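Here are the chains, one letter per residue:
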Amino acid sequence: DTAVSQTPKYLVTQMGNDKSIKCEQNLGHDTMYWYKQDSKKFLKIMFSYNNKELIINETVPNRFSPKSPDKAHLNLHINSLELGDSAVYFCASSQGGRGTEAFFGQGTRLTVV
Amino acid sequence: GENVEQHPSTLSVQEGDSAVIKCTYSDSASNYFPWYKQELGKRPQLIIDIRSNVGEKKDQRIAVTLNKTAKHFSLHITETQPEDSAVYFCAASQGNFNKFYFGSGTKLNVKP
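Chains Z and G are the protein sequences, given in the same order.
Its first residue numbered 1, the first sequence is counted upward by one per residue in the numbering used here.
Its first residue numbered 1001, the second sequence is counted upward by one per residue in the numbering used here.
Okay, chain G solo, but in the shape it has when bound (with noise of 0.2 Å):
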């Protein structure tokens, strides 16, 4: 099955700093790679997704990038605010039944 991994655990900024984390993926038969944020206490929630016909999409803030010879993709996001602070968990998907498997996550502290 697939196998995503997922770094740094946690990642520590100061407000405007740009943030990156990282995932790899085990199955080129992995086509969809959604990036999802969760807050303390709440569900986690899309922010950004990219499929595997693109190399990179942009939205506002964030940016996500996918190398799918070297089967990893990452999450930017510039000019961050302490409201970014959260859990990151980026996932992969494949095949008809959208099969989740998620990384471990990263904890992202942005200081004011």
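The following block holds chain Z by itself, in its conformation from the complex (with noise of 0.2 Å):
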């Protein structure tokens, strides 16, 4: 059973197009986040969603929208993809309150041509 997953696992798409990833986990989390990391393999947070609502938003451009339906899921969609946007787009959740594991999706290796 895979804990977090996320879709799809490659994506390469125009410059100027729009796109969707995809976020499930099972684990009953209630905290669900998106990560970005660069070529450098720097980790950085992009959003953070604690039972549906936006706890964290760090500066990410307004093209990038995330939407959760619901506790288990954390969606992420691009509008007008840019070059600078290519990177591997990590999901992740933990349990809400201090001291807990994030646990990490495959990542969606996103690639602008």
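Hint data in this document are derived by calculation from the structure and do not stem from the laboratory.
Possibly wrong hints are sitting among the right ones.
Claimed, not checked - The following label-pair restraints were derived from C-beta to C-beta distances:
id : chain 1 : residue 1 : chain 2 : residue 2 : range
1  : G       : Gly1055   : Z       : Val113    : 47 to 57 Å
2  : Z       : Thr2      : G       : Lys1057   : 22 to 32 Å
3  : Z       : Asn51     : G       : Gln1014   : 42 to 52 Å
Owing to the predicted nature of the structure, the values given are computational and were not obtained by experimental measurement.
All C-beta atoms, glycine included, are put in the ideal place defined by N, C-alpha and C.
Two chains, two frames, some hints: make the complex.
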């Protein structure tokens, strides 16, 4: 059983297109995240949702819009894709509260050409 | 916001030697410090964590130490093996919603 799963695993698209990445967790966690990992492997938090409510928005361009239809799902929609959006995007989840592990999905490698 | 710095960025050791990775954080409110291992093309996975009320924690060949006063924490891997080769990330977290801030990563290469 995959704890945190995201689709697709690979995404190649042209500049200017709109694309979505989906994430689902079956751990019963109440907090979900999106992280961006650039070519230098740096992991940067983008968004965090707790019980479907946006908690963290780390100065991400408004072309990125997360949506959480329920506690188990957090999707990421990206409008007007740019070359600089190319990265690996990781979804993660944890149980809200102090000091609990974040579980990561397998990542989505987005390539904008 | 929190700023986590991690050193070194790359570390090469001989099999059987020890490896040490160091991190500093800026926000004294941070209270949870996990370490993640990321193998090539895979997801980050937790290997050990420590909370602010503990100074040291050990799990077989892996140990983590925390100095709250100096705001730094370290990962120690003893008797390294080739399968320890990966990128290691430290992180600091605080608050009720586990806002994780990651260090820039250390690429560990264990030579057989």
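Going through the hints against the structure:
1. Gly1055(G) <-> Val113(Z): 47 to 57 Å: With a Cβ separation near 50 Å, Gly1055(G) and Val113(Z) satisfy 47 to 57 Å, so the hint holds.
2. Thr2(Z) <-> Lys1057(G): 22 to 32 Å: Holds, at about 28 Å.
3. Asn51(Z) <-> Gln1014(G): 42 to 52 Å: Once the Cβ atoms are compared, 49 Å apart, the range 42 to 52 Å for Gln1014(G) and Asn51(Z) holds.
Checked against the numbered hints above, the structure violates none of them.
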